[in-house]
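In case you want the letters, here they are:
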Amino acid sequence: MLNRVLLLCLALVWTVSVSVTAQDVAEGGIDTLSLPLPAPAQNVVAANHVYDDGEVIDVNWDKSPDDPENILGYIVYRAETDGAFDSIRTLLPGETFFSDDNVEDEIPYKYQIGVIGENGVSLSGESELAVATWELFNFGMWNTFLWMFVFCGSVIGFIISAKSGRKLYIRKIGGLEALEEAVGRATEMGRPILFIPGILDMDDVQTLAAITILGKVARVVADYDSKIRMPVSRSLVLTAARETIKESYTSAGRPDGYNEDMVQYVTDEQFGYVAAVNGIMVREKPATCLYLGAFFAESLILAETGNSIGAIQIAGTARPGQLPFFVAACDYTLIGEELFAASAYLSEDPKQLGSLKGQDVGKVIAMFGLLVGTAAMTLSVAWQVPATQWILDLMNNLFTTN
Amino acid sequence: MRKGPIIITAAVALFFVISWIIKSGGAPEGSSSYDAIAEGFWLTFAAFLTLAILSFLYKDNPFYKFAEHLYVGVSAAYWMSLGFWTTLVANLFPRISMTLSEWFQVEFISYQYHFWVPPILGVLLLMRLSPKGGWLSRWALAFIVGTTAGLNLPRFLRSDFIEQISSTMLPILVNWQGFGDFFTNFSLSASGQFVSIVSNFLVVLGVLCGIIYFFFSKEHKGAFGAASRFGIWVLMVTFGASFGYTVMGRISLLVGRLTFLLDDWLGIISG
Numbered sequence: 001m002l003n004r005v006l007l008l009c010l011a012l013v014w015t016v017s018v019s020v021t022a023q024d025v026a027e028g029g030i031d032t033l034s035l036p037l038p039a040p041a042q043n044v045v046a047a048n049h050v051y052d053d054g055e056v057i058d059v060n061w062d063k064s065p066d067d068p069e070n071i072l073g074y075i076v077y078r079a080e081t082d083g084a085f086d087s088i089r090t091l092l093p094g095e096t097f098f099s100d101d102n103v104e105d106e107i108p109y110k111y112q113i114g115v116i117g118e119n120g121v122s123l124s125g126e127s128e129l130a131v132a133t134w135e136l137f138n139f140g141m142w143n144t145f146l147w148m149f150v151f152c153g154s155v156i157g158f159i160i161s162a163k164s165g166r167k168l169y170i171r172k173i174g175g176l177e178a179l180e181e182a183v184g185r186a187t188e189m190g191r192p193i194l195f196i197p198g199i200l201d202m203d204d205v206q207t208l209a210a211i212t213i214l215g216k217v218a219r220v221v222a223d224y225d226s227k228i229r230m231p232v233s234r235s236l237v238l239t240a241a242r243e244t245i246k247e248s249y250t251s252a253g254r255p256d257g258y259n260e261d262m263v264q265y266v267t268d269e270q271f272g273y274v275a276a277v278n279g280i281m282v283r284e285k286p287a288t289c290l291y292l293g294a295f296f297a298e299s300l301i302l303a304e305t306g307n308s309i310g311a312i313q314i315a316g317t318a319r320p321g322q323l324p325f326f327v328a329a330c331d332y333t334l335i336g337e338e339l340f341a342a343s344a345y346l347s348e349d350p351k352q353l354g355s356l357k358g359q360d361v362g363k364v365i366a367m368f369g370l371l372v373g374t375a376a377m378t379l380s381v382a383w384q385v386p387a388t389q390w391i392l393d394l395m396n397n398l399f400t401t402n
Numbered sequence: 001m002r003k004g005p006i007i008i009t010a011a012v013a014l015f016f017v018i019s020w021i022i023k024s025g026g027a028p029e030g031s032s033s034y035d036a037i038a039e040g041f042w043l044t045f046a047a048f049l050t051l052a053i054l055s056f057l058y059k060d061n062p063f064y065k066f067a068e069h070l071y072v073g074v075s076a077a078y079w080m081s082l083g084f085w086t087t088l089v090a091n092l093f094p095r096i097s098m099t100l101s102e103w104f105q106v107e108f109i110s111y112q113y114h115f116w117v118p119p120i121l122g123v124l125l126l127m128r129l130s131p132k133g134g135w136l137s138r139w140a141l142a143f144i145v146g147t148t149a150g151l152n153l154p155r156f157l158r159s160d161f162i163e164q165i166s167s168t169m170l171p172i173l174v175n176w177q178g179f180g181d182f183f184t185n186f187s188l189s190a191s192g193q194f195v196s197i198v199s200n201f202l203v204v205l206g207v208l209c210g211i212i213y214f215f216f217s218k219e220h221k222g223a224f225g226a227a228s229r230f231g232i233w234v235l236m237v238t239f240g241a242s243f244g245y246t247v248m249g250r251i252s253l254l255v256g257r258l259t260f261l262l263d264d265w266l267g268i269i270s271g
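These protein sequence lines are chains A and B, in that order. Sequential numbering from 1 applies to the first sequence in the numbering used here. Sequential numbering from 1 applies to the second sequence in the numbering used here.
Think about it this way: if two alpha-carbon atoms lie no more than 35 Å apart in a straight line, the pair counts; the simulated DSBU-like pairs of lysine-lysine are: (1) LYS351(A) with LYS132(B); (2) LYS285(A) with LYS59(B); (3) LYS59(B) with LYS227(A); (4) LYS221(B) with LYS351(A); (5) LYS65(B) with LYS246(A); (6) LYS221(B) with LYS363(A); (7) LYS218(B) with LYS167(A); (8) LYS351(A) with LYS163(A); (9) LYS132(B) with LYS246(A); (10) LYS285(A) with LYS65(B); (11) LYS227(A) with LYS65(B); (12) LYS221(B) with LYS167(A); (13) LYS132(B) with LYS163(A); (14) LYS172(A) with LYS221(B); (15) LYS285(A) with LYS227(A); (16) LYS351(A) with LYS167(A); (17) LYS218(B) with LYS163(A); (18) LYS218(B) with LYS351(A); (19) LYS3(B) with LYS285(A); (20) LYS218(B) with LYS363(A).
Derived by calculation from the structure, the hints in this document are not laboratory data.
Okay, chain B solo, but in the shape it has when bound (with noise of 0.2 Å):
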């Protein structure tokens, strides 16, 4: 083995160690001696595994595969153990089993026989193990895939087909009153009729013009091609707001991940 990656293992090793050493002692008042001692494990093990993870911005590094491999395992053992506990304990066996309610302890409430649909689905999906009877497993695909689409049709019709056109019939002249009217009251104000105005037109070209380009049936060129190229201008535009807006909502967790750096590990900054 090389010295480097040994020198910087030892190094982050005794950086943990003496971070261990520091944060427990300075645990809450009356706390026992192995709370503010796992209290300063724990602190610094999650400053390790945040910095750990910030290094890939560096490179690929054992500190990184190990939180990495560490998350990974920890999550999935996590998602099946909540899945089997609030899924299967809390929801199925009290409507299919008296027995097991109580081998779990948990309250019976009666015989629900619908509720043996989705366990006989589930064992049909574990079928694929077997080599003889992986070809079951598609039934229980087909039953989710199919009730998936039955049910999204009439919701998805709703929302993104008829309240979307509701809402986009706008009146494109608003507090009509004539040429000399709009010129006599121009004005740039945000509430004002010509922004109004603009701002209806923009909505509706832009609608249709979007459409135009998710429109496959015909081939863009002239007219329609025109239309079709302003309408992913209009996408592009919204994309680059949304871009921006969504990067804000980004340093903010950067700063939280900072904040408990520099304030609960470090103490260099006050909360």
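Just chain A, same shape as in the assembly (with noise of 0.2 Å):
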């Protein structure tokens, strides 16, 4: 009788369970009774991104142990304190981190992960509730600060000791060296100087350094009473160089030999002014081209083109893809820094000499840190000698970004 009941409950479990099955496989289910589901991912932590303006929460998880043979992939799931979880993101076999950058800040939110398998998907414990929240400082920065301390410190102290009356030494510089001699060799010719500022904006640094350079280009142009010529391409750029042309005249005693029309607005499109410039320069033939400032593809056109009239051309930008053509055409070129240089050596004024003198100090941090760096690696790769971790280590924490 015992052993009727107990075959009798069975097949009666047995129905339940086909029937279950067949309406969950009927129904897109995720469950059969052949294969077992997968094991579920475990350790499922969720908490704020530190560092950040409170948008993003951070999921981590251990792999489920039939990971990558057995899966399918990963369900993200989120849920808010008392609400029903959702899936919000699925993952690749392998995975174990998810940035869960659409949440709300100061919203508790919690986390499931969901293993796939091919006969369904596992689910794993539910994660702390973890809240988004925004930070004031970044202290994964901290070296970046460093660095900045270190430096404009050390800008700081050159400037004051520029301004006390301290001479600062600064190396000549080649280029600068012709630019009196070819404006001089303009005002003998009775042709204009052409000076192009480059394409960008004056939020650019190259732009603001070749500001500073026509400051001291328009002095000698004003002292020698030649003529300077300057089409650019942004609007701020036109009122920025009207106006340092302006100061320079005034400040030579000649604010009547100003004249607005020395700089004129052409056009935003790159190669629309490219076009101006290069009419300009086989129609006015000036004897010295200058171009200072942020180029890009227009520097070859120009440099040819001043090439091709005989003018003196002298060059300088800080972008490396557009030195090849002005080292190549041009008389003279300012190579990266010694743009910035330039305006320093030219002004004389103590905050640029400052501000070079400060930058000196940082490549010599630079070169310091290179070699230590690079001496330490070496022994510790090649001989594996111990005591260089602890400096392989500081050098990480002092050059490394996160």
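Assemble the dimeric complex from its two separately framed chains, guided by the hints.
Have a look at this one:
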């Protein structure tokens, strides 16, 4: 009798199981009788993403033991404190991390990870509640702050030193020595000087350097009673350049020599600007062409046209991609930082000189760091010298960005 | 007026009209006769402008001047129009004025009062046009320059200083098992030990000497001068490689224009 009852119970359980499974499958369900579910992910941890503006929660978990052979991927579920879980992302096998950047700050969320197998999804335990919060300071950038402090301190120190009357030495820069000669040549030939400040706006540091050099060039032009021509491609540069040239003429004691038409807006369009400048070159035949600032594909077109009219050409840019063209086609080229050094060298302004000297401190630090880091790495890799490890750790801390 | 320019202008005009007529006949089936004529005109005009700009390679001429002035005028107007519609209409008005948003038929977002700062700075810049208030434009310029410097300082410090140094700290000796092993397994393979060692050594030395070249506080004489000269050689070799690479890119631009002329316009090559 007992056996019959047991048999009946087993039949009943089997019937119910089969009907439930059939219903699940029919509804796109996730379980079958024949295959087991994959092992779930473990240790789901959700935490605020640090040093952001409160918009991200990071979720980590341990891989399912069945990853990658027997799983198809992971599903990340999210819920508010008492809410139901919703699927928010499907990930590939092997993933153990997800940054949820679609959260609202100050609202607690909990997460659950589903492992997708051939026969269904197995769910992990729920994570603790996590809240996205914003932080005022990014302490992960401490080394950036340190170096900024060192450089700014050096710059301020040198500026104070220069202002107190101390003579700060700066080596000669080849192209600059030729600047006055080039202006003199234009004066003798009765032709204008063409000054091109690049094609970027006043928010680019190269344009700023170019405008500083323009001040000195315009001063020499005013002294020699020569002519300067400056087509620009940005309205703000137009304003700044007119202001600078006007000041130079005034400081040279020739305010009447200044004319607003010396600086002329052409167009913001790169090659439209180039076409216009080329036209000016071949029609007015300037004796000297100065290309100082940020240049792109127009560098070679301008320099070649200047070369074809026989102008003496001095170029300067910090864009590595354009330097080869200027080196090939111009008489003198200010390479990279020489452009910025030039403005300090010419202006003899204590602020700029101090800034340049402060940057030299940065170069000494860079060389020292490079030598020490390379030596420590070589000793560590080639001979596994244990004493070098702390040096490598120190270098990593000082020179690694997060 | 001399005869030469008149004959050349007449010949170009004649070629233009012939090209227009021919290209108007080759419009896709189903397009109206007006579309065909317009298509033929624009195709011919594009080819004419391309040739006009290329004619500068010979010398300055009226056709180049025409193309140049057209390009400058159209692009200046285009950028101004684009700036107005994408900056003022699309971004500013929906945040400062419901009336202006409705006027320009853009969706009003919400009142965001800090968006008044840019137009105020813009007005300050325009004060330059006023003989007495010109000095006010300096405030806007100072704001732009100061903000740029402040925003760029940490960015450049990280990308151009910290990350450059950490990327250049390389072991000079790679897979080092002693001199015996080095000579026994000597190979000139690109992935071999010798090439890796030379490569890392050159990177470190080149960077060090390059920095020395850009060191302005000491005269470049003696050993310091020699290191500086090596630094500039490294730069020049890099420039040479970069020159060749970029020229190849420019050739592809030329090919693009030639393809337009020979395929789209003349149809003498297949695309």
